[in-house]
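So you can see what is in the structure, the chains are spelled out below.
Protein chains: 2
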Amino acid sequence: MTLVEACRAWKSVHGTLPAGLTLIFEGEEESGSPNLAPFLRDNADELRASLALICDTGMYADGRPAITTQLRGLMGEEIVVRAASRDLHSGNFGGLAANPIQVLVNALAGIKDDTGRVILPGFYDGVEELSNQLRAEWEDLGFDASEFLSRVGLKDPIGERGRSGLEMVWNRPTFEINGIAGGYAGDGFKTVLPAEARAKVSCRLVGTQDPQAIRAALQAHVRAHVPADCTVEFHPHGSSPACHMDVSDPAFTAARAALCEEWGREAAFIGMGGSIPVAGDFQRLLGMDVMLIGFGRDDDRIHSPNEKYNVESFAKGVRSWARILAALR
Amino acid sequence: MTLVEACRAWKSVHGTLPAGLTLIFEGEEESGSPNLAPFLRDNADELRASLALICDTGMYADGRPAITTQLRGLMGEEIVVRAASRDLHSGNFGGLAANPIQVLVNALAGIKDDTGRVILPGFYDGVEELSNQLRAEWEDLGFDASEFLSRVGLKDPIGERGRSGLEMVWNRPTFEINGIAGGYAGDGFKTVLPAEARAKVSCRLVGTQDPQAIRAALQAHVRAHVPADCTVEFHPHGSSPACHMDVSDPAFTAARAALCEEWGREAAFIGMGGSIPVAGDFQRLLGMDVMLIGFGRDDDRIHSPNEKYNVESFAKGVRSWARILAALR
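Top to bottom, those sequences are chains C and S. The first sequence: position 81 = 80 (numbering that gives the first Met the number 0), numbered continuously. The second sequence: position 30 = 29 (numbering that gives the first Met the number 0), numbered continuously.
Hints in this document: simulated from the structure, not taken from any laboratory. Ideal placement from N, C-alpha and C gives every residue a C-beta, glycine not left out. A couple of the hints might just be wrong.
[Said to hold, decoys possible] Quick partial rundown of chain S residues pointing at chain C, CB under 10 Å, derived from the structure:
#1 F92
#2 A144
#3 G164
#4 M167
#5 G178
#6 A253
#7 H302
Please construct the entire structure, taking both the sequences and the accompanying hints into account.
See below:
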């Protein structure tokens, strides 16, 4: 929105856009953008440009402007374990029949070890250490993981032992259980052994980790925990590799200076723990460099009830884009 | 119902009941009978009798009449693990913040070892081996666990290694996860770290296992898996010790003969994997012997959709009670 408004403002003042611009509106980002990649591929000749600008990112924690130079990828998977042909009474069958919740729980419990590392074979293939430049820039940010966590009622970073808080969220891969359901979990109690149990899990990916190889390793791990009497089904939910920008491109220097003019502070080069698969699509399918600049705040509660967008971010964000477009044209 | 109908039939033929009978109707058995025990205690003098007859049990697998001589007890517990003050985006917080589903899963995974034994300290205190008489009677039943399981699409008894199928369901304690929920498990996918996760678990108990001691051991085990950033809440759901009848009481011999007259086959002495807490209440609060005779079938689908009651069980069940009342008066 800030980028669109900047174009509108520029045109109302100058009567024309600052450069040859193609605007693409993507409404399926939260569901894995199934249609954008085919569209880019089908229209590559028309769409190819010197740079893709994406405004779906955030500022640095304390309101400092930021350019996002790397995004984690994502591998999402749903796991369904089935046992008996119907729910069973735990008095009649308990202790004798397979319980799919227990099978699922056993499969999911051991995926991370006591140091926070994922034990799936090959999981860390392609995971790269930070460059010296970015490590120094990130250290300068003075990120306080405990303070960051305190905003949501927590205090202890529980990621991989020996990693900084920013590495944990920006430059290290994860395994998380995003949802689990089985049997009866409502008010009261039902003494059932359910017929099935399911979980949704996802890995955030970095470097050149291969989502499909990790999906296969996860499936193999789960299958090894499923007894003969149970079946397991897998349903893929999204798959995108991580995305790293080349910060030596002069466009990054120009945009950094433009942001400094608007906000009075140097823009940080930051990572992003989330995924914007389309950034990688522009790189891979159109061979374009990508620059991600956005003005979201840490307290925007994204993907939570009462999500908001900051009004200052909107106004100064529009002005920022006008400055960046002027610097890049 | 069969017992009530037998009394009604007897009265319509003879004009009176076969003996001094007090009929008690209990509608809260599935929710732990919170009011029956106080009622029995408050009215003990009026209610005390030579024997309590309970008709809420089943026949032996192949339609053979049966007297249930032992019931497992129950300890039910709900576990709620909470982490952040709201659901978190797994991109922003994944790898850094505690995930309550993972905490819960880790706590529940190790409660049974690879041989099917529960590892909670003191769990097997009070668990008793079968008497020689019952072991011989149970062996004569020729129970085929794989055939039993095949009726619900399964085949492998997965209980404690080295135990027979009937021991697993009648004479060994269990730990089962009856329900689990956390995060988003509906259609599609949400990349959240949820604020909370919950599970309902229960143990079937045998011998003189103490439900409260086992509840305390379970809570201690779960607490040991909860990191400093999470909280855990426990909610009890039912608590009753196992119940064993004295089969040397002459009433058992008389009832066995009466059942044989009606069904043409000797009644089996069987156990029951489920719990009927009121049986223990009659024993403990009124000092009465209890005899459980019922006519439920294995395919009744109790506690499942499409539960039914067999018509032959109803008709011959009523006649059986008339014979038993005649034999006992």
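Status of the hints after comparison with the structure:
Satisfaction of the interface hint for F92(S) is found here, the shortest Cβ-Cβ separation to chain C being roughly 7 Å, below the 10 Å cut-off. For A144(S), the suggested interface contact is upheld, since its CB lies about 6 Å from the closest CB of chain C, less than 10 Å. Evaluation of the G164(S) hint against chain C yields a held restraint, the C-beta minimum of about 6 Å falling below 10 Å. Checking M167(S) against chain C: minimum C-beta separation of about 4 Å stays under 10 Å; hint holds.
With a cut of 10 Å, the hint placing G178(S) at the interface with chain C holds, because the nearest CB-to-CB distance is about 4 Å. Hint status for A253(S): violated, given a least beta-carbon distance of 28 Å to chain C, over 10 Å. This hint holds: H302(S) has a C-beta 4 Å from the nearest C-beta of chain C, less than the 10 Å allowed.
Going through the hint list in order, the structure does not satisfy hint 6, though it satisfies all others.
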